[in-house]
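Q: With these hints in hand, go ahead and build the complete structure from the sequences.
These protein sequence lines map, in sequence, to chains A and B.
Letter 289 of the first sequence, counting from 1, is numbered 288 in numbering that gives the first Met the number 0, and no numbers are missing.
Letter 50 of the second sequence, counting from 1, is numbered 49 in numbering that gives the first Met the number 0, and no numbers are missing.
Treat the hints as calculated values from the structure; they're not laboratory data.
None of the values given here were measured: they were computed from a predicted structure.
In this text, a Cβ means the ideal position worked out from N, Cα and C, and glycines have one as well.
Wrong hints could be hidden among the right ones.
Computed list of chain A residues with no C-beta within reach of chain B, every gap over 12 Å [said to hold, decoys possible]:
1. Ser179
2. Gly263
3. Gly456
Taking lysine-lysine pairs in the BS3-like style, the calculated list, with each CA pair at most 25 Å apart, reads [as the list claims (entries may be wrong)]:
4. B/Lys35 with B/Lys243
5. A/Lys371 with A/Lys513
6. B/Lys235 with A/Lys513
7. A/Lys513 with B/Lys35
8. B/Lys275 with A/Lys513
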Amino acid sequence: MVATFLSQFTRAQRRPFDRWSGGVIVLCGLILGPVIAVLLAAFGDSAGLWSHLYDTVLGRYVSNTLILMAGVGALAVGFGVSSAWVISRYDFGGRRMLEWMLLLPAAIPAYIIAYSYTEFFEYAGPLQSGLRHMFGWQSPRDYWFPEIRSLGGAVLVMASVLYPYIYMVTRIAFRLTPASLFEIALVHNRSQFWQVGLPLARPAIMAGLALVMMEVMSDFGTVEFFAIETITLGIFNVWLGMNNLVAAAQISIVGFGFILALLGLELYARSRQQYVASSRNQTPLAMLAPTKLGVLACWMVCVIPLLFGFFIPVGVLLGLVVTNDLLADFLAIREIIGNTLIVAAIAALVIMLLSAFIVVTASFRAGAKTRKLALFASTGYAFPGTILAIGVLIFSGQLDRGFAAVFGAQFQGVLVTSIAVLFLAYIVRFQAVGYGAMISGVRRLPANMMNASRVLGQGYMESIRQVIMPLLKSSFLAGIMLVFVDVMKELPMTLLLRPFNFETLATYTYQFAKDEMLEVAALPALMIVLSGLVPVILMSAMLRRYR
Amino acid sequence: MIYVDFSGSQIIRKLIAGACFMALAGGASAAVAAEKINIYSHRQQVLIQPFLDAFTAKTGIETNVVYAAKGLAQRLKAEGPASPADVILTVDIARLAEYADLDLLAPIQSKILTENIPSRLRADDNRWFGLSERARILVTSKSRVADGEIADLEDLAKPEWKGRICSRAGSHDYNRALVASMIAAHGEAATEAWAGGVVANLARKPQGNDRSQAKAIFQGLCDVAVMNSYYYGNMKFGDKADQKEWAQSIRLVFTNQSNRGNHMNISGGGVAKYAKNKAAAIAFLEFLTEEKAQQLYGEINFEYPVNPAVTVNGELASWGKFKPDAQPIERLAELAPKAQMIIDRVGW
Chain A
0 MVATFLSQFT
10 RAQRRPFDRW
20 SGGVIVLCGL
30 ILGPVIAVLL
40 AAFGDSAGLW
50 SHLYDTVLGR
60 YVSNTLILMA
70 GVGALAVGFG
80 VSSAWVISRY
90 DFGGRRMLEW
100 MLLLPAAIPA
110 YIIAYSYTEF
120 FEYAGPLQSG
130 LRHMFGWQSP
140 RDYWFPEIRS
150 LGGAVLVMAS
160 VLYPYIYMVT
170 RIAFRLTPAS
180 LFEIALVHNR
190 SQFWQVGLPL
200 ARPAIMAGLA
210 LVMMEVMSDF
220 GTVEFFAIET
230 ITLGIFNVWL
240 GMNNLVAAAQ
250 ISIVGFGFIL
260 ALLGLELYAR
270 SRQQYVASSR
280 NQTPLAMLAP
290 TKLGVLACWM
300 VCVIPLLFGF
310 FIPVGVLLGL
320 VVTNDLLADF
330 LAIREIIGNT
340 LIVAAIAALV
350 IMLLSAFIVV
360 TASFRAGAKT
370 RKLALFASTG
380 YAFPGTILAI
390 GVLIFSGQLD
400 RGFAAVFGAQ
410 FQGVLVTSIA
420 VLFLAYIVRF
430 QAVGYGAMIS
440 GVRRLPANMM
450 NASRVLGQGY
460 MESIRQVIMP
470 LLKSSFLAGI
480 MLVFVDVMKE
490 LPMTLLLRPF
500 NFETLATYTY
510 QFAKDEMLEV
520 AALPALMIVL
530 SGLVPVILMS
540 AMLRRYR
Chain B
0 MIYVDFSGSQ
10 IIRKLIAGAC
20 FMALAGGASA
30 AVAAEKINIY
40 SHRQQVLIQP
50 FLDAFTAKTG
60 IETNVVYAAK
70 GLAQRLKAEG
80 PASPADVILT
90 VDIARLAEYA
100 DLDLLAPIQS
110 KILTENIPSR
120 LRADDNRWFG
130 LSERARILVT
140 SKSRVADGEI
150 ADLEDLAKPE
160 WKGRICSRAG
170 SHDYNRALVA
180 SMIAAHGEAA
190 TEAWAGGVVA
200 NLARKPQGND
210 RSQAKAIFQG
220 LCDVAVMNSY
230 YYGNMKFGDK
240 ADQKEWAQSI
250 RLVFTNQSNR
260 GNHMNISGGG
270 VAKYAKNKAA
280 AIAFLEFLTE
290 EKAQQLYGEI
300 NFEYPVNPAV
310 TVNGELASWG
320 KFKPDAQPIE
330 RLAELAPKAQ
340 MIIDRVGW
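A: Below, the structure is given as structure tokens:
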């Protein structure tokens, strides 16, 4: 058999606790601190609000959230997996270009796409106006057109920008699937996709899907704009509307519970089956040559997600920008562009180094409990950004008081009043992205790789450096790219935790987009997309080289 | 084989050092106390910048700003005595009340402030002050609704408006405060019945912001909507040609003129409890209530002055004189949780 069945890496070199796993535990504790702060905040007295919520809105919140998660999850998997398959298995004209272009929607913040979609699809937008002109309709009463500000609209909008999380890791998984397995399917006349590709890529798909689910759960901008009453919208209604942060924290735990349940389900499913290839591709994977009709199908599979996730929203933004003085506007925001790139680059690097350390140590050194801790440390992503930011503030404030008590009063507020608090927030939130990228890489490693290295006399550290790290390189790079664009477009935490007079492209865009001044917001929004392009292209080139 | 030695990488070291430096610099700059004030603002920077520029030009005091719509009170609370913030600026009375509830504001004794601001627009204990008034009004289609056909907020629940009303989500700050004003006038039960009637009359699911309601009237989706009056000015004088069309298609109706007056909300501010530059912070609030700044509120964002000595002119004056709801603004914050519950129950 080329694939081996195993439940986990061998137990022999595991130690339940040493300085490596100690490091992981401390880091995970730091990352989980703000999450715990939110959980603790929920233990206050919510003044009997629950019976009111239960009687009125909670059912709506929960069902809307579940429908949104299911819809976005299904569509994002559809977009992400089909395009990843076509790109990694078929040889057709334009494949190389589409390969990196498919990542582009990741650079567009969901709230921006929501604004531009409304502009495009609504009654006064170009699409409906065109239809009216074509068919001679006079008023909205003359025809039916789907409402973009709806649950269905939100599913389309969010899936269109979130599928790259799945595409990115799944493409790597397909590419690293041993050619011999596909050959076996070919010989036995079985489907290469359904019987080989998909089952083997499942860990990667699930890792991507977990990120998508958490992103959906935490989104505020899109659901607010589309007025969809999800759990997150409820959190803000209770917090700001009823001046009740305790009840808001309690509702956010309901959402958090959903995510934990999902993660638990996936953990359980994975404990039942795990396939790992025992050899790397010795023979290069032969790409399939599609027929003419097949080429068309390949293009369709790639262009449809791109159309919804990139061309339509960017087209709308471009249409808004060209009417203004482009150069002057660009010069006015060059400092903001610089801020954004620096912050995103530092955060991406720090987060990926942390994630790499945590995942590698948890997988190859530490015990099962530490592995679970590492998983739970990536759940900060499931909280709405503002709520998590408040958790970060509470936690940092406590740390500062601890510092001040130990080292003296000059340390009062040293963390909470500096930009460090913003970076802590990025780490807490986007650790999930780094974790997802690294863990999907680790899960694909042959189980005996580490054992072989240790048997050959290498120490743990040497084995990691010489064997494991080179094999995780592509996952690391994929993670850097995802975190970079994520930080770049991050809004609610940056808005709340930034230093004085500090703008990123996202915060700058937001203050105009908030008032639906999309024409002013269009340029910085495009700059987010453009700045996202650079790492996307760079990383794609590197990934291609290292595969 | 490709191999990266993470621990030895120069670039990474430099970046980490850079991050540490930035962290320290951020902390240090907050601690320096020169002639400047640090502002936490719930109002967008673009809206307050002209005030800051005018203040700096007059006094030489520099201003630093963090703008965020939500959570600044929690930030201030977490920072405690170490907080660099001197001044808080907000929109909506509920936000001001949140700061007061968390005990994050300092009581200010200022004759200028108490003289310039009517007592219904400031806290009894002088912790927060209203700085501009915002009128939430009805807008109607010029072509489909006759002048005077609707006069009071109460009318929105009447059957003749069935399928003709557009609104943003009920739980938005602005609508919540509006419902709170109805509770203040009629009590909870009557307000709930009214809110249920409004929801039954809606032409479409609540969505969008105030501008989108004007757009919907222009498009013929509905005939009447609730809107803050300054959006009318912003649309009329904005850069977008289509928004000018929306503004042209609607008529402004100040409500409840024969009874309690039009529902008002405020933008306001206060001085942080642990302000390091307290004198400058007070001077800034005082500056905002003086003639020049009070006029600016109208010029920049079509809001009304709180200072009774300041007359409105220009575009604002052209909208006509009206009677504002005279109840203490603080009531709206007290009633906001009840208002939100009603909104939840009627599904607005």
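Q: If a hint holds in the structure, say so; if it does not, say that too.
A: Going through the hints against the structure:
1. Every C-beta of chain B lies more than 12 Å from that of A/Ser179, the closest at about 22 Å, which supports listing it as non-interface.
2. At the 12 Å boundary, the C-beta of A/Gly263 stays outside the reach of chain B, the nearest C-beta of that chain being 30 Å off.
3. With a least beta-carbon separation of about 18 Å from chain B, A/Gly456 lies farther than 12 Å from that chain, consistent with its non-interface assignment.
4. Among the hinted pairs, B/Lys35 with B/Lys243 is inconsistent with the structure: their alpha-carbon atoms are about 40 Å apart, more than 25 Å.
5. For the given pair, A/Lys371 sits about 40 Å from A/Lys513 by alpha-carbon distance, which is inconsistent with the 25 Å threshold.
6. Simply put, B/Lys235 and A/Lys513 have alpha-carbon atoms about 18 Å apart, close enough for the 25 Å limit, and the pair holds.
7. Distance restraint check for A/Lys513 and B/Lys35: the Cα-Cα separation of roughly 29 Å exceeds the 25 Å cut-off, and the hinted pair is therefore not satisfied.
8. Our distance criterion of 25 Å between C-alpha atoms is broken by B/Lys275 and A/Lys513, whose separation comes to about 32 Å.
Hint check: violations occur at hints 4, 5, 7 and 8; the rest are consistent with the structure.
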